[in-house]
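**Student:** This is what each chain is made of:
Number of protein chains: 2
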Amino acid sequence: MNAIIVNDRSYAVPDHPVVVITVDGGDPRYFRDALERGIMPRLRKLLDDEGSFGVGMSEIPSLTNPNNLSIVTGVAPALHGIPGNYCRLPDGSLELLNDPKYLRAPSIHAAFQSAGIPTLTVTAKDKLRLLLAHGGVPSVSVERAAGAGIPQYGIDDVETLIGSPAPGVYDPLASHYAMRIGLAALRAHPELRLIYVSLTDRVQHAAAPGDELSDLFFSEFDALLGEYLEEGCTVAITADHGMNAKHDDRGEPRVHYLLDILAERGVPVHEVVLPITDPYVKHHGALGGFAWLHLDPEQAVRAKEVLGGLSGIEEIWDREEAATVYELPVDRIGDLAVTAAADTALGRSREDHDLSQLHGNLRSHGGRHEQLVPLILSHPVVGPLATRFEAGTLRNRDIHDLALNRASGEG
Amino acid sequence: MNAIIVNDRSYAVPDHPVVVITVDGGDPRYFRDALERGIMPRLRKLLDDEGSFGVGMSEIPSLTNPNNLSIVTGVAPALHGIPGNYCRLPDGSLELLNDPKYLRAPSIHAAFQSAGIPTLTVTAKDKLRLLLAHGGVPSVSVERAAGAGIPQYGIDDVETLIGSPAPGVYDPLASHYAMRIGLAALRAHPELRLIYVSLTDRVQHAAAPGDELSDLFFSEFDALLGEYLEEGCTVAITADHGMNAKHDDRGEPRVHYLLDILAERGVPVHEVVLPITDPYVKHHGALGGFAWLHLDPEQAVRAKEVLGGLSGIEEIWDREEAATVYELPVDRIGDLAVTAAADTALGRSREDHDLSQLHGNLRSHGGRHEQLVPLILSHPVVGPLATRFEAGTLRNRDIHDLALNRASGEG
Numbered sequence: 519m520n521a522i523i524v525n526d527r528s529y530a531v532p533d534h535p536v537v538v539i540t541v542d543g544g545d546p547r548y549f550r551d552a553l554e555r556g557i558m559p560r561l562r563k564l565l566d567d568e569g570s571f572g573v574g575m576s577e578i579p580s581l582t583n584p585n586n587l588s589i590v591t592g593v594a595p596a597l598h599g600i601p602g603n604y605c606r607l608p609d610g611s612l613e614l615l616n617d618p619k620y621l622r623a624p625s626i627h628a629a630f631q632s633a634g635i636p637t638l639t640v641t642a643k644d645k646l647r648l649l650l651a652h653g654g655v656p657s658v659s660v661e662r663a664a665g666a667g668i669p670q671y672g673i674d675d676v677e678t679l680i681g682s683p684a685p686g687v688y689d690p691l692a693s694h695y696a697m698r699i700g701l702a703a704l705r706a707h708p709e710l711r712l713i714y715v716s717l718t719d720r721v722q723h724a725a726a727p728g729d730e731l732s733d734l735f736f737s738e739f740d741a742l743l744g745e746y747l748e749e750g751c752t753v754a755i756t757a758d759h760g761m762n763a764k765h766d767d768r769g770e771p772r773v774h775y776l777l778d779i780l781a782e783r784g785v786p787v788h789e790v791v792l793p794i795t796d797p798y799v800k801h802h803g804a805l806g807g808f809a810w811l812h813l814d815p816e817q818a819v820r821a822k823e824v825l826g827g828l829s830g831i832e833e834i835w836d837r838e839e840a841a842t843v844y845e846l847p848v849d850r851i852g853d854l855a856v857t858a859a860a861d862t863a864l865g866r867s868r869e870d871h872d873l874s875q876l877h878g879n880l881r882s883h884g885g886r887h888e889q890l891v892p893l894i895l896s897h898p899v900v901g902p903l904a905t906r907f908e909a910g911t912l913r914n915r916d917i918h919d920l921a922l923n924r925a926s927g928e929g
Numbered sequence: 519m520n521a522i523i524v525n526d527r528s529y530a531v532p533d534h535p536v537v538v539i540t541v542d543g544g545d546p547r548y549f550r551d552a553l554e555r556g557i558m559p560r561l562r563k564l565l566d567d568e569g570s571f572g573v574g575m576s577e578i579p580s581l582t583n584p585n586n587l588s589i590v591t592g593v594a595p596a597l598h599g600i601p602g603n604y605c606r607l608p609d610g611s612l613e614l615l616n617d618p619k620y621l622r623a624p625s626i627h628a629a630f631q632s633a634g635i636p637t638l639t640v641t642a643k644d645k646l647r648l649l650l651a652h653g654g655v656p657s658v659s660v661e662r663a664a665g666a667g668i669p670q671y672g673i674d675d676v677e678t679l680i681g682s683p684a685p686g687v688y689d690p691l692a693s694h695y696a697m698r699i700g701l702a703a704l705r706a707h708p709e710l711r712l713i714y715v716s717l718t719d720r721v722q723h724a725a726a727p728g729d730e731l732s733d734l735f736f737s738e739f740d741a742l743l744g745e746y747l748e749e750g751c752t753v754a755i756t757a758d759h760g761m762n763a764k765h766d767d768r769g770e771p772r773v774h775y776l777l778d779i780l781a782e783r784g785v786p787v788h789e790v791v792l793p794i795t796d797p798y799v800k801h802h803g804a805l806g807g808f809a810w811l812h813l814d815p816e817q818a819v820r821a822k823e824v825l826g827g828l829s830g831i832e833e834i835w836d837r838e839e840a841a842t843v844y845e846l847p848v849d850r851i852g853d854l855a856v857t858a859a860a861d862t863a864l865g866r867s868r869e870d871h872d873l874s875q876l877h878g879n880l881r882s883h884g885g886r887h888e889q890l891v892p893l894i895l896s897h898p899v900v901g902p903l904a905t906r907f908e909a910g911t912l913r914n915r916d917i918h919d920l921a922l923n924r925a926s927g928e929g
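Heads up: the protein sequence lines correspond to chains W and S, in order.
Letter by letter, the first sequence follows residues 519 to 929 of this note's numbering.
Letter by letter, the second sequence follows residues 519 to 929 of this note's numbering.
Pulled out of the complex, with its shape left as it was, chain W reads as follows (with noise of 0.2 angstroms):
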């Protein structure tokens, strides 16, 4: 079988579609909890035939921009660059982590659109898209689909196509219209035989497992699942990361503000950075399991004593060792990393994050404890990655490997 060799990776070229849906916070106790409530028969349908459920990791810290990178390239951070959504980089700059000028690896999809392999890239939040589509990927966004066409397919407008408006990127069904734009543009081109389709957090960051919105979300997601397999595609589903609720019982975050901290127990810094931070504020308000703290050398054995002693603060690190411990790019990375317990989030300093905007009580991510996130596959695993699905030792950045390599062992 015709293979194709991407970051030292090779991925049989297939010959019917296959398509990767990454579940932006779509933590595993979403799918277990659907799957046991009967929400998503069609999964279980699948499941019970020949399809494969595991776990496995997300990059750290666990947000968006680093795993859908992580995702598309099957490398970590410290190859494909982009570590946060977020970062403070080495001349001091704050930036979104959302220009390709960032990234330092091609991604399996620009590689397949170079051989001549029909690509495509769809994206509930329009701040992924440049990056998922750098090298020439066909790509389209809901939050911009209004206008929009994908003119490599000869599509003019993406509304037109769906045969409805798009909703806003906060709609609780903008990643339902992502995945109908991968189903209408393959209806229409056949030929495409790699579909990417990067869903939103909207409703993981406001909805648990179990309530009604989640079931919602799940029911429809399961429903547009049935018409890919109807296709007759391969299905590969993943997370970008998973989700916890960062509040008490009755609903008030539960935060630990660094800067404010820090400056109460004289402990000057440079800056606290949260790379859970892109224009999507009524998410999470910046607020998620993980920060980076810039400061001068003499000061990070004090930063550490005060925060190590902090209940729901966890791993403190070293730039070098946070660098090779989550694989990170070092250069673009703080001089210490902070996570979070499961149930806490890092704040920069009170005042610095309105959370009034929240759709509902904290729900967050970015640190370990989101780490978790499902591997599902339409098909049995076979070849080298078989032993450790099993395990439940891959990771996320596996999925197109999985996917592309399901039916011919290679690996």
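It should be emphasised that the hints constitute simulated quantities derived from the structure, not laboratory data.
Predicted model, so just to flag it, every value in this text is computed and none were measured.
Glycine is no exception: its CB is placed at the ideal position from the N, C-alpha and C atoms.
One or more of the hints may lead you astray.
With the C-beta cut set under 10 angstroms, the calculated list includes, among others, these residues of chain W facing chain S [what the hints assert, rightly or not]: (1) A633; (2) T842; (3) T857; (4) R886; (5) H887.
With chain W fixed as given, assemble chain S onto it according to the hints.
**Tutor:** Coordinates of chain S only, in the frame set by chain W:
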């Protein structure tokens, strides 16, 4: 080039001797310190010429048995089956994991030996020898060298081969005797192609980087490294785990005794298992940076609350999460995994640990903060692993891939 596939990885068969040395407790800080202060001139010259120095990660728990097995199998404990030096099995029995019956994956050495490629394994500690020798690998340990031979190579008596009696297993020079056995065997049998030498952390438990004993250890190590290089070997060096001081400025051990703490707070548990437990109690008194709790499901939340609030306790994971996050066999771990901060050790009950036997202040390992290990190769790193080597994201389980595939570019 001829290659052998073991556990889904391909290893080139070398045309000259390849030696992999695991420095037990060989934290990268020992090497960096020794290199900076000129204690290791041979390694310095090697790195100035064409050698490679990097860091990577060990398995978690950062202990001898899981990591030695990962190093010789190329896979995680989830696949090779050894998640500790010690564990509680599903039937409730507590077992030292030194018996090959616990192994679930073959070693690279066993596969090479079966294919007619001469191998040899030398350990300092005998506890490791049976595991590493499983599958017909010729082996000998320093601890049991007296009266022992290597019959596969017609060596009747190891002490005669070396020309001096073997030191005791607690002798600071026991590791060097292991290196001498490998050297002497190679000189007597130049047809050897793959030699594994696994040292002991007797010195690292007792002495920090820069201490007199450490300097003695690494100076002698360096001289023996030079002898291997003069024999024309490719040499690769890694560690099974790092090492951290677990005491305060006055030398008092900083320990959380989990059984005592939980009893005091009224949380019943079935067992606290310290997977560092092994026959070498003078090294660590069975105190390390990692613990398993076996308890009834309804106690898990309370146990997490109690322990999660303690300074010096970092991550606490449920069994299924721990299996995925740490890549461990789910049936041989506890219901909760507890990890300690760099400066803290975890104990069972105060009365279970006799610290009067320690060789010095408490220095130990087992947790995340002892996960960084050196990855040293006598040659440039080429091929598919080169980018990840540069980025610092390889693991000690990749060391045979680095050593054997360095010339071929196979991976």
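**Student:** Run every hint past the structure and note whether it holds.
**Tutor:** Hint check:
{"no.": "1", "hint": "A633", "in the structure": "violated, 20 angstroms"}
{"no.": "2", "hint": "T842", "in the structure": "holds, 4 angstroms"}
{"no.": "3", "hint": "T857", "in the structure": "holds, 9 angstroms"}
{"no.": "4", "hint": "R886", "in the structure": "holds, 7 angstroms"}
{"no.": "5", "hint": "H887", "in the structure": "holds, 8 angstroms"}
Hint compliance for this structure: hint 1 is the single one not met.
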